[in-house]
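Novice: The sequence shown begins at 1 in the numbering used here and counts up one residue at a time.
All clues given are correct.
Estimated spans, in silico, between C-beta atoms of each pair:
(1) S269 to Q356: 25 to 31 Å
(2) E29 to D168: 30 to 36 Å
(3) H427 to N342: 45 to 51 Å
(4) S269 to G169: 20 to 26 Å
(5) C51 to R135: 18 to 24 Å
(6) R84 to E316: 18 to 24 Å
(7) A301 to N342: 22 to 28 Å
(8) S22 to C51: 30 to 36 Å
(9) A353 to G27: 40 to 46 Å
(10) D390 to G169: 43 to 49 Å
(11) A301 to I384: 34 to 40 Å
30 Å max Cα-Cα, derived DSBU-like pairs, lysine-lysine:
(12) K398 to K274
(13) K337 to K287
(14) K441 to K398
(15) K274 to K387
(16) K318 to K225
(17) K398 to K386
(18) K287 to K274
(19) K154 to K328
(20) K40 to K318
(21) K337 to K152
(22) K132 to K318
(23) K328 to K152
(24) K274 to K337
(25) K154 to K337
(26) K348 to K274
(27) K152 to K348
(28) K398 to K387
(29) K318 to K348
(30) K274 to K225
(31) K132 to K40
(32) K287 to K348
(33) K328 to K274
(34) K441 to K386
(35) K337 to K348
(36) K132 to K56
(37) K132 to K154
(38) K337 to K225
(39) K287 to K318
Please keep in mind that the hints were generated in silico from the structure rather than gathered at the bench.
Ideal placement from N, C-alpha and C gives every residue a C-beta, glycine not left out.
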Amino acid sequence: MDFPQHTRRLAAIVFTDIVGFSRMSSGDEVTALELLSAQKQIVQPLVEEFCGQWLKEMGDGLLLSFPSSYDAVRCAVRIQREVRRVQGLVLRIGIHQGYVVQTENDVLGSGVNIASRVETVSPEGGIAISDKVQRDIAHHADLSTQIIGFPKLKGIDIEFEVFCVTNDGLPVGMSHGKVKIAGPDSGKKSVLPIAAVFLVLLLGVLAFVFLKPGETLDLSAIPSKSIAVLPFDNFAKGASEEYFADGLTEVITATLSKIGDMKVISGTSVMAYKGNDRPTSPEIARKLNVACVLEGSVQRAGDQVRIVVQLIDAREDKHIWAETFDGKFSELFDVQKQVATNIANYLKSNLTAEEQERIARRPTENIEAYEQYLVLLQRGIVHIDKKELDLNLSLADKVIALDANFAEAYVIKALAHLGYYWSGNDHTDARLTQARQMVGKAVNLAPESPMAHTAKATCTIGGWASLTPRSTSSKPRNPWNPAPPSTSRISPGCSVRTGKFPRHWLRWKRRLN
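Between the sequences and the hints, there should be enough to build the whole structure, so can you do that?
Specialist: As structure tokens, this is what we get:
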């Protein structure tokens with residue numbers, strides 16, 4: 001029997017994969033083909049530049065080889081840098097050094113198998129390398145890496161360390177235990193709500209009269225346990241799913257603010273950075289006076305969702321944690337717990353049992369009601385235009401019809417009634433009574449909810465009722481955060497009427513700066 005001719009050689013093997021390509025190709029073949037073409041146009045010249053060899057195309061994956069690990073890693077860094085310019089083209093790259101067996105029609109070898117498995121634990125937009133490659137490049141000062149653990153790789157019996165390349169701000173996977181950064185089973189989860197502040201005129205005037213712009217701090221002087229959740233990018237087709245991205249940003253912000261020793265910037269402060277032309281993470285961190293920023297993106301197709309989050313230490317401009325959650329929309333309620341817990345661990349915040357319980361709280365068990373609630377958050381819960389107020393009341397009623405125990409829906413109804421009152425559309429005592437009734441239901445349903453208590457304080461001030469220290473409290477009876485962003489903005493408004501403005505004013509100014 002004649003065996004096919006083959007060659008066997010030691011090489012640095014690079015395996016690439018387009019994130020989400022299978023799902024994309026089944027729903028949008030034209031875009032998928034365009035991305036394949038763009039990938040080839042970018043990668044092929046770079047492979048030649050770094051003396052590599054284009055071995056094989058496997059669907060959306062590429063198999064490449066290089067004479068040295070150093071060349072392979074440098075080429076991979078350039079590839080990731082260049083593909084960032086193409087919208088929707090996100091790669092995972094895995095690199096291993098091993099033997100390649102090349103026949104007339106195929107490329108084989110254990111090195112090829114290991115490189116393909118290492119790729120699966122690379123974060124999206126990142127580069128994962130085996131310990132063999134790490135040893136080869138360790139003495140090269142122009143390359144930096146970080147260990148992400150000892151992942152269990154499918155079909156690979158040996159256990160070895162895997163590292164992520166960190167040049168160019170590339171994302172880094174989790175650095176302990178089994179690495180689960182991107183597989184289809186790695187997650188399922190999402191999140192909870194954040195309070196909006198209603199004192200538009202009162203607080204706006206106070207801010208203009210008394211506030212001075214916060215001084216830009218040196219990043220090294222900023223407390224390490226401080227974070228801003230930047231507006232999540234919407235990678236779904238069209239703008240119809242924008243509510244999902246914006247709502248998710250707000251509810252993750254609210255969830256993180258439940259951690260007592262963590263400073264969390266309010267959602268209203270970060271929405272100025274929505275869009276592709278925002279400043280760099282260190283620049284944003286300086287302006288908001290935080291050490292870390294959380295970036296993210298969401299993509300939804302029917303009942304399937306993908307949520308990608310990455311935590312960045314803005315003081316050093318490096319990624320310290322990234323994860324991808326793939327699952328059904330109905331499985332979103334666990335994401336906020338995992339994201340908040342992981343961030344707390346990385347920032348070395350010790351979660352109390354009470355904080356863990358509050359992080360895990362679900363606003364509703366009805367996923368349809370929750371989706372309607374996200375729509376409300378995205379369109380805004382503070383309005384004075386009658387048509388907008390009518391629509392908010394109608395949407396809130398739909399949420400309540402789906403779940404009569406959804407406390408935040410009653411808060412939105414209360415703020416809509418106050419909108420009627422303040423705008424002059426219905427400046428009557430009956431309208432204020434309706435607002436107070438809705439607030440009362442919200443507080444009874446969720447006594448620990450700052451959103452409900454913020455609305456209660458807003459309702460009291462909104463009617464210019466007779467205020468006393470007892471009647472103006474905007475703190476929950478059992479507060480889950482010593483200074484939630486929303487309640488810290490309400491308190492000075494209350495203090496104007498109770499004679500405690502000077503003391504509360506200084507506290508408020510510190511929070512806003």
